[in-house]
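Assemble chains W and Z onto chain A, guided by the hints.
Here's the letter readout for the chains.
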Amino acid sequence: MRGADYVIKRTAFAVITVFVALTLNFALFRLAPGSAITNLSRVPHATPETKLALKKQFGLDKSKGEQYVIYLQQLARGNLGISFENSQPVSSNLRVALSNTLPMVALGTIIAIVFGTLTGVIAAWRRGTGTEHLTVSTALGFYAMPTHWLALMLVILFAGIFPSGGMTDDFLIDPSWFTHVKDVAYHMTLPALTLALVLFGEYTLIVRSAMLETLGEDYILTARAKGLKPRTIVRKHALRNALLPITTLIALSLGYIVAGSILVETVFSWPGIGRAVYQAVLQRDYPMLQGAFLVLTLSVVFFNLLADLLYFRLDPRITS
Amino acid sequence: MSMVFQEPGLLSGTQPIRTLRGSLWKVIRGQPSATIGAFILGSFIVLALLAPWVAPYGLHEQVGPVYGHPSWSHPLGLDDGGVDMVTLLMWGARISLVVGFAATFVSIVIGGTVGLLSGYLGGKTDSVLMRITDYFLAIPDVPLMIVVAAIWGPSLTHIIIVIGVLLWTGTARVVRAQVKSIRERVYVKRARSLGAGNVRIVVRHVLPQIAPLLIANTVLTIAVAIFDETALAFLGLGDPSRISLGKVIENAFQRTAITSGAWWAIVPPGAAVALLILSCSMIGRAMEDALNPRLKAAHLSARSFRLRPLVGRGKDAV
Amino acid sequence: MSSLLEVEELNVWFDLPHGGTLHAVQGVSFTLDRGERLGLVGESGCGKSTTVLGLLGLLPPSAELSGRVLLDGVDILAGGEESVRPHRWVDLAIVFQGAMNALNPVQTVQAQIAEALEVHGLASGRAARARVGELLESVGIPRERGERYPHEFSGGMRQRAAIAMALACNPSVLVADEPTTALDVMVQAQILELLDALCRDFGLALLLVTHDLPVVAQLCDRSAVMYAGEIVEHGPVDALFHDPRHPYTRLLFAATPDLHANGAPVSIPGAPPRLDRPLVGCPFHERCDRAFGRCTLERPLLRGLGGERAAACHLNDVPAGVV
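From first to last, the protein sequence lines are chains A, W and Z. Each number in my numbering comes from the position in the first sequence (counting from 1) with 12 added on. Each number in my numbering comes from the position in the second sequence (counting from 1) with 15 added on. If you count the third sequence from 1, position 137 lands on 124 in my numbering, and the numbers rise without skipping.
Don't take each hint at face value.
Computed cross-link-like contacts, SDA-like style, restricted to lysine to any residue with a CA-CA straight-line distance of at most 20 angstroms [claimed, not checked]:
id	chain 1	residue 1	chain 2	residue 2
1	A	241	Z	110
2	A	248	Z	138
3	A	74	A	53
4	A	241	Z	158
5	A	248	Z	93
6	A	248	Z	67
7	A	21	W	143
8	A	21	W	148
9	A	248	Z	94
10	A	241	Z	94
11	A	194	A	175
12	A	68	A	51
13	A	76	A	21
14	A	241	Z	8
15	A	248	Z	107
16	A	76	W	166
17	A	68	A	81
18	W	204	W	216
19	A	248	Z	116
20	A	76	A	91
21	A	21	W	151
22	A	241	Z	73
23	A	241	Z	21
24	A	248	Z	95
25	A	248	Z	125
26	W	139	A	25
27	A	241	Z	138
28	A	241	Z	111
29	A	241	Z	108
30	W	195	W	275
Derived by calculation from the structure, the hints in this document are not laboratory data.
In isolation and in its complexed conformation, chain A is listed as follows (with noise of 0.2 angstroms):
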């Protein structure tokens, strides 16, 4: 297969990252002085026979070495400790607070991935015009930006046109699934418009910038030297080869959307990852905490070893 080596050794590093991230994690929040972050038992409200089960299933007797050990298997089983808050397991409330997230992010960002290549093509293809400086301006003024600010001056600016708190109206009982759907809907609205304006500002100078950069090339000069249209040669030329500094570089902001998405949850108080976090830190919630930031961890080692295979499918030079 080509590039079997590329692919494997991406894969490797990203299976190594997850170590070290799940490493980091540990020390992180055991190995800190002082037992009110470590002690995975102290769960509020929780009866004895509970404290008892979780020290023993996280070996908090234990040495520290031992306890790292038991830690990695007790991730395999997919048991990250109970929350401090209300009592269940984290890996549960991190599932359902996942399946929030998801969805509205994946929208903010489609939606600045959309826009933000049409205008950095258009602002790339308009070199040198006023449509070019009116661009990369606009796009550094959404970019510059702090996303939680944004995201209230959204707040300010739609009230009452779009709900500015939470998934769900609550005042909804027993609604049938389209309606559901709707009034979810239509809470997303602001926060993931928030995240696609902040993205859209980054990818519009990313794309311009690949673009531009693209267009100087010397297959440009002969795919012209033919007799093909402009129009053709920015499509099957310039943005298939712009792609490719594109696709990393999109990659790479996906740190950033996960910061982005901790700042709009808690500002929307969208039920998310992102307000796990956050509530996690106010309420001193450390398994949560724990739990939250290795899921975001994970996620981002996840979509940078998916845009290197992504890379890897679009650019025919990486052989084995």
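Using the frame of chain A, we list chains W and Z on its own:
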């Protein structure tokens, strides 16, 4: 060499900046975006520095009702404690800028050193350091910052260190690439063959060459550091005893500024942060462009070549 | 009978980023008949590549052109980009330095050649692929290799592929811009032979742009020497070699290392003049070993010298023996 468009002589106006001396100043003077950016940033710094003397009111002085409306004496209104917003902004900018610069300093020192060692020494050192950098890069900054700040406790020093420790990777990579290319240059090899020690070479030859790029990177990092500080403050992890611009926003958010309709408690501090980030970005990008001018002109754009109409006909035409 | 290609007073100005213009091509005129081979020579930056790109309007928006480019008597440049595009590749095709990025790295070679056919409506689908196969074989590339990507080809093979692509639409003029630069000496020879054979077999006119004089000597009938954006001498290759009438031509040939001669290679001291300001006198006078008073004041015009020769030098006006 690219096929044709070394449009001859075209480069004379855009010589890449190679020396430290006045490089930042040159860019700020030459590029309009950098000039504007520098002006904005400069104004903020001046205002922040002079805040204790120039601020119109006291920082903790209640001069009116909760969320007082903007008026002539208080152009940006009052916050939930009745404190003048303009005053808050000036003092807030101080802390935001301090954190931004200090964290960037930490990050540049770490990143610069790592990049320097990695690029200059090469070999095993390079591989190991780069591996570490890669892993650091793969872990999302803000969640890590949040976790560390949550565990370690919020204080200004902690925040600065946390942000600084997470931003160094970008600098490291950039510095490493530059150092590697400089190392291969003739005059460095010559210096070595003449017996110059490594430290001497680094100080006299390498550092001056990487300085302009480092400055560009620094400015861009400051932008990120400021953003990170506002994010942390917003999530309640800022230093509770200090007022930064991020804290001002957080206060407004926590204390129902929106439902009270007090947009002036939210919009100005965020706009201030946005302006700071924007100005740093403009300067940084202008410097980067100046250091790596796009030598190749685009072969394609919306406009096409122009025709000059002939005067007269045939071979005698001018 | 009019020539196949007639270039009349072609001028190209480039806008400079900080104002002003660069007069890169200054009043260039030449003709090319069917099957004829013209070598355009000169050092880097003399404007020869800009000239040939200008023929087909392949210049960036910062460029301004004037002059006429007549293809079979029709001025193809007159209507701007829209009027010149239909002529590209079909009438005049260019082979760039194939060792560079002239081929799209993410498309197969086959697809790129087929694109030329499809865009000009000559063939599509299976018929196009068949034709591509023929073209590849005619340049010595096995047709199966067409399914590969450019990076999988060696420099020489990429150049051949570029030539095959240039022939796709049966142009009457083939322009080769530095076709052998950046290739190994052995490969250079092969490419030159290939060009020679193809032009002969298909009756193509060849416009060869190069700074490499032996190449011109091998392939071309006539040659035009460019300096500082203008043609300073042109004529049959032999005549230029043995009896140059412009000091630059003479020095240029003297600068070519000769394996058989014993003398050291002569280089021409100095540098070409800046083209962003108007020139006074002969553009070459500062580097010329035979410049005299008139050279600093008056710009020499390209004057016919009989026998299809012309040169732009005041020395040709002076009766022999008087300097």
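To see whether the hints hold, each was checked on the structure:
1. 241(A) with 110(Z): 18 angstroms, holds
2. 248(A) with 138(Z): Distance of about 18 angstroms is within 20 angstroms: holds.
3. 74(A) with 53(A): 14 angstroms, holds
4. 241(A) with 158(Z): 19 angstroms, holds
5. 248(A) with 93(Z): 10 angstroms, holds
6. 248(A) with 67(Z): This hinted pair is violated, its Cα atoms lying about 24 angstroms apart.
7. 21(A) with 143(W): It holds: about 17 angstroms lies between the C-alpha atoms, which stays within 20 angstroms.
8. 21(A) with 148(W): 17 angstroms, holds
9. 248(A) with 94(Z): This hinted pair holds, its Cα atoms lying about 10 angstroms apart.
10. 241(A) with 94(Z): 18 angstroms, holds
11. 194(A) with 175(A): 12 angstroms, holds
12. 68(A) with 51(A): Between residue 68(A) and residue 51(A) the Cα gap is close to 12 angstroms, so the pair holds against 20 angstroms.
13. 76(A) with 21(A): Since the Cα atoms of residue 76(A) and residue 21(A) sit roughly 32 angstroms apart, the hinted pair is violated (cutoff 20 angstroms).
14. 241(A) with 8(Z): Violated, at roughly 28 angstroms.
15. 248(A) with 107(Z): Status holds; Cα separation ~16 angstroms.
16. 76(A) with 166(W): Since the Cα atoms of residue 76(A) and residue 166(W) sit roughly 18 angstroms apart, the hinted pair holds (cutoff 20 angstroms).
17. 68(A) with 81(A): Holds: residue 68(A) and residue 81(A) sit about 14 angstroms apart, inside 20 angstroms.
18. 204(W) with 216(W): 10 angstroms, holds
19. 248(A) with 116(Z): Between residue 248(A) and residue 116(Z) the Cα gap is close to 19 angstroms, so the pair holds against 20 angstroms.
20. 76(A) with 91(A): With a Cα-Cα distance of about 18 angstroms, the restraint between residue 76(A) and residue 91(A) holds, given a limit of 20 angstroms.
21. 21(A) with 151(W): 18 angstroms, holds
22. 241(A) with 73(Z): Holds, at roughly 10 angstroms.
23. 241(A) with 21(Z): 28 angstroms, violated
24. 248(A) with 95(Z): Holds. Residue 248(A) to residue 95(Z) sits at ~13 angstroms (cutoff 20 angstroms).
25. 248(A) with 125(Z): Given pair residue 248(A), residue 125(Z) is violated - Cα atoms ~27 angstroms apart, limit 20 angstroms.
26. 139(W) with 25(A): Given pair residue 139(W), residue 25(A) holds - Cα atoms ~18 angstroms apart, limit 20 angstroms.
27. 241(A) with 138(Z): 25 angstroms, violated
28. 241(A) with 111(Z): 18 angstroms, holds
29. 241(A) with 108(Z): 14 angstroms, holds
30. 195(W) with 275(W): 57 angstroms, violated
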